[in-house]
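Whole structure, please, built from the sequences with the hints as guidance.
Protein chains in written order, with UniProt numbering: chain P, 1 to 470; chain U, 1 to 470.
If you're looking for bench data, these hints aren't it; they were derived computationally from the structure. Hints may contain errors.
[Claimed, not checked] Below, a list of computed lysine-lysine pairs in the DSS-like style, where the Cα atoms sit at most 25 Å apart:
id, chain 1, residue 1, chain 2, residue 2
1, U, K156, P, K290
2, P, K334, P, K156
3, U, K433, P, K290
4, P, K137, P, K290
5, U, K433, P, K440
6, P, K239, U, K125
7, P, K285, U, K433
Small disclaimer: the values here were computed from a predicted structure and weren't measured.
2 protein chains.
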Amino acid sequence: MISQIVKDRLISIVGIENVDDSKAGRLVYSYDATPQFQSLPDIIVSPRNTQEIAEIVKLCSEFKIPIVPRGSGTNLCAGTCPTEGGLVLLFKHMNQIIDIDEENLTITVQPGIITLDMIHAVEAKGLFYPPDPSSMKISTIGGNINENSGGLRGLKYGVTRDYVLALEVVLPNGDIIRTGGKLAKDVAGYDLTRLFVGSEGTLGIITEATLKLIPMPETKKTMLALFQDIEAAARSVSKIIANRIIPTTLEFLDQPTLIAVEDFANIGLPTNVKAVLLIEQDGSKDVVDKDMEKIATLCLEENAESVEIAKSEEEADALRTARRVALSALARLKPTTILEDATVPRSEIAKMVRSINEIAEKYQLNICTFGHAGDGNLHPTCLTDVRNTEEIERVEQAFAEIFEKAIDLGGTITGEHGVGVMKAPYLEWKLGKEGISAMKAIKTGFDPLNILNPGKVFAKDSRKRVVIST
Amino acid sequence: MISQIVKDRLISIVGIENVDDSKAGRLVYSYDATPQFQSLPDIIVSPRNTQEIAEIVKLCSEFKIPIVPRGSGTNLCAGTCPTEGGLVLLFKHMNQIIDIDEENLTITVQPGIITLDMIHAVEAKGLFYPPDPSSMKISTIGGNINENSGGLRGLKYGVTRDYVLALEVVLPNGDIIRTGGKLAKDVAGYDLTRLFVGSEGTLGIITEATLKLIPMPETKKTMLALFQDIEAAARSVSKIIANRIIPTTLEFLDQPTLIAVEDFANIGLPTNVKAVLLIEQDGSKDVVDKDMEKIATLCLEENAESVEIAKSEEEADALRTARRVALSALARLKPTTILEDATVPRSEIAKMVRSINEIAEKYQLNICTFGHAGDGNLHPTCLTDVRNTEEIERVEQAFAEIFEKAIDLGGTITGEHGVGVMKAPYLEWKLGKEGISAMKAIKTGFDPLNILNPGKVFAKDSRKRVVIST
Chain P
1 MISQIVKDRL ISIVGIENVD DSKAGRLVYS YDATPQFQSL PDIIVSPRNT
51 QEIAEIVKLC SEFKIPIVPR GSGTNLCAGT CPTEGGLVLL FKHMNQIIDI
101 DEENLTITVQ PGIITLDMIH AVEAKGLFYP PDPSSMKIST IGGNINENSG
151 GLRGLKYGVT RDYVLALEVV LPNGDIIRTG GKLAKDVAGY DLTRLFVGSE
201 GTLGIITEAT LKLIPMPETK KTMLALFQDI EAAARSVSKI IANRIIPTTL
251 EFLDQPTLIA VEDFANIGLP TNVKAVLLIE QDGSKDVVDK DMEKIATLCL
301 EENAESVEIA KSEEEADALR TARRVALSAL ARLKPTTILE DATVPRSEIA
351 KMVRSINEIA EKYQLNICTF GHAGDGNLHP TCLTDVRNTE EIERVEQAFA
401 EIFEKAIDLG GTITGEHGVG VMKAPYLEWK LGKEGISAMK AIKTGFDPLN
451 ILNPGKVFAK DSRKRVVIST
Chain U
1 MISQIVKDRL ISIVGIENVD DSKAGRLVYS YDATPQFQSL PDIIVSPRNT
51 QEIAEIVKLC SEFKIPIVPR GSGTNLCAGT CPTEGGLVLL FKHMNQIIDI
101 DEENLTITVQ PGIITLDMIH AVEAKGLFYP PDPSSMKIST IGGNINENSG
151 GLRGLKYGVT RDYVLALEVV LPNGDIIRTG GKLAKDVAGY DLTRLFVGSE
201 GTLGIITEAT LKLIPMPETK KTMLALFQDI EAAARSVSKI IANRIIPTTL
251 EFLDQPTLIA VEDFANIGLP TNVKAVLLIE QDGSKDVVDK DMEKIATLCL
301 EENAESVEIA KSEEEADALR TARRVALSAL ARLKPTTILE DATVPRSEIA
351 KMVRSINEIA EKYQLNICTF GHAGDGNLHP TCLTDVRNTE EIERVEQAFA
401 EIFEKAIDLG GTITGEHGVG VMKAPYLEWK LGKEGISAMK AIKTGFDPLN
451 ILNPGKVFAK DSRKRVVIST
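This is the structure we're talking about:
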């Protein structure tokens, strides 16, 4: 509960029109894109600038009120669910492009800008910002930075972290700091820039970011490779990379995902094959042609039924869009869709796909798999119903086994979705007690009162890891 | 001073042959490549494995003995000078390649391996590890990671940080943790991997690293562009990048550097021009040809006297080697060579070069300038003599003004050399009190007893920043 005193002081900072503690307003921000998590915040505040955020943070420190910074809430780890109540901080007034610097190839933005709006502004200048999370039509750059978002082009171009050059951040003590610069190199002290990227709003509130841009590639080509054997598709992924080709995109979709997507998007996807790889390469024309030819040969050697190159940019775009809508398409099929992102070394993709299918069968669950296969980053997605508590229990057991398997294969519990509340109980499996304790030292150093996005990353209790006898 | 009890316990951990407290041994490790810093350690210890390092750390915690981890000591910020005495930790027994994984494109190594030895092993497999600090013939990968080393290929390929995927680290409390993995994506908690990169041995001791490799580019070409106007050379740098070309290498050498290098290396460098740019592009043949042609045109538009493409790989290699030996060549001219690495946004290179020359003139100093111009990372190098205390006072004032100017242009006090002891007094100019205090929170959280490389990064006092009236 927020007292009238605190509410009045918030109003004096941001104006009455930017403070909302109505039941309706609180309900809207009680959940994010993650199923199964809901919790009412006490108040919603929309600051207009960095200085106001610093004042809000100082006020919340004084009264020990949790602050949950929130972009569009498209994350899938309950990273913006206000599980401990408090104040939800919105960035709707802080969504401007501050500058596009064509000499230094950078863009400086406020955190509330929609990812795709920023990408369009950049592309209008003939420049390229590669990170393209599937939610980019809705997600904000601030959210992308807090979650270190990936996307379809991560294989060749890396993730959000690889493009953040400088940040302005309000710390939990109200200090405003600037990290980095429009600089290709900067080793002045610890790398705070990358520490904030992916810290899920638990260490500071990002109020401005300078991002690296690169020249737009000259051309690109898109291909679908069709397989009647799921593992052959997965093996092709490792084989392409082991052959020293790094495509821009190397996505995997299994048959149930294909059927759902085709039913949703109607673009003529093949639904009679067990799996497809969506492969894209960009660069100069001759490199793209040569790489695509080699990739086609490698897929056919692994018994691909056929390989088909998109005939036009429209057709290619339809294929990419089809992949991006996979979650929405699957979400129509059952009341609850739980999408995970277990990630393994690329060489282990075939083993991981096999294990997911075995685990789904063992627990009699409907799990579709798609994802960024070239990154080893799979999205096993369970179609279920939260009202069926018995089934949900099996879902939880199945995902625990999937995480366990990913870690056994040298992987991780989350490749791009973050820890949030949802993965927190499993974090110790990946990091060990010692790793968690090192991370807690950072959290405590920055935020001793634990007011910034509390309950995220660090679980109250970790799950016991059951060692599977092999 | 180390007591006999501690010495005996060190001997019991690593064996008598790996402990040295002789005067001669201590003298050898009393300095690194940085001029003007020398301080005797108490004892030199060479552990054989991670477990021994953990035991040494626990022992040093118990007796509050400083530990200075040291590769080859090629750093230029006094980062491995044992300014507070204590124990110097050598990695001569931990210099093995653990595995080269051709499916996942990674190499896993112990920290003591020489950078160039590792690069040769990688290239033998047709793979590529881009970071190439000028000291790579002598430097170790552990040192490169601790300093986040750059190099000549940083413009296109980034720095050491961009290639570190996973680390094994011994923390100041003796805990052994593993961060990351052979993974393209991993967001399981805070990015400890990148926090350790560039932390100068102050947060943990790196005992193993997995590095990302990429396919070897198909071909490369090397060019020299000759200028009679230093600022025209500098302007060409920004112009090339603003024209959407990112060369692999874009190095600047002024006339005094050229003369010194030619005198040292005798490879026929032009010594009658005011500046040269050494430009390299790699990739597919047609891209390289097209980019080099465009770069030549841009340089000629900026009044380059001529542009010359190396006729053979031998000639190109001679040019690269010439650039790499610049420090050694300059170091022959006067008793003391102080090399700095002020870094600015690329668009400000011309202004920075002009300011360096104005400052040199103002203080009547001999300052040559060369460096990674494409990264905005210049190495103004002062040829002086530490025994001339009056001149050294002017040198210090001049460098303070150079750092001040770099920061005013949106730059930083160090692009790739690190802070160490040498830059510590200036760090606050870049970060502000609030930034320093955020970094100190991390240091205190990890190392409350301040035993790991004490005196580095954080200065006892910061220099007052004199605001120059303009």
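These are the hints, each one checked on the structure:
With a CA separation close to 22 Å, the supplied pair K156(U) and K290(P) stays within the 25 Å bound. Distance restraint check for K334(P) and K156(P): the Cα-Cα separation of roughly 34 Å exceeds the 25 Å cut-off, and the hinted pair is therefore not satisfied. Annotation: proposed proximity of K433(U) to K290(P) is violated, straight-line Cα distance about 54 Å (limit 25 Å). Taking the CA atoms of K137(P) and K290(P), the gap is about 32 Å. The hint is violated against a cut of 25 Å.
Pair hint K433(U) plus K440(P) holds up; C-alpha atoms about 23 Å apart against a cutoff of 25 Å. With a C-alpha separation of about 16 Å, the suggested pair K239(P) and K125(U) falls inside the 25 Å cut-off, and the hint holds. Proposed proximity of K285(P) and K433(U) is contradicted: the alpha carbons are some 51 Å apart, above 25 Å.
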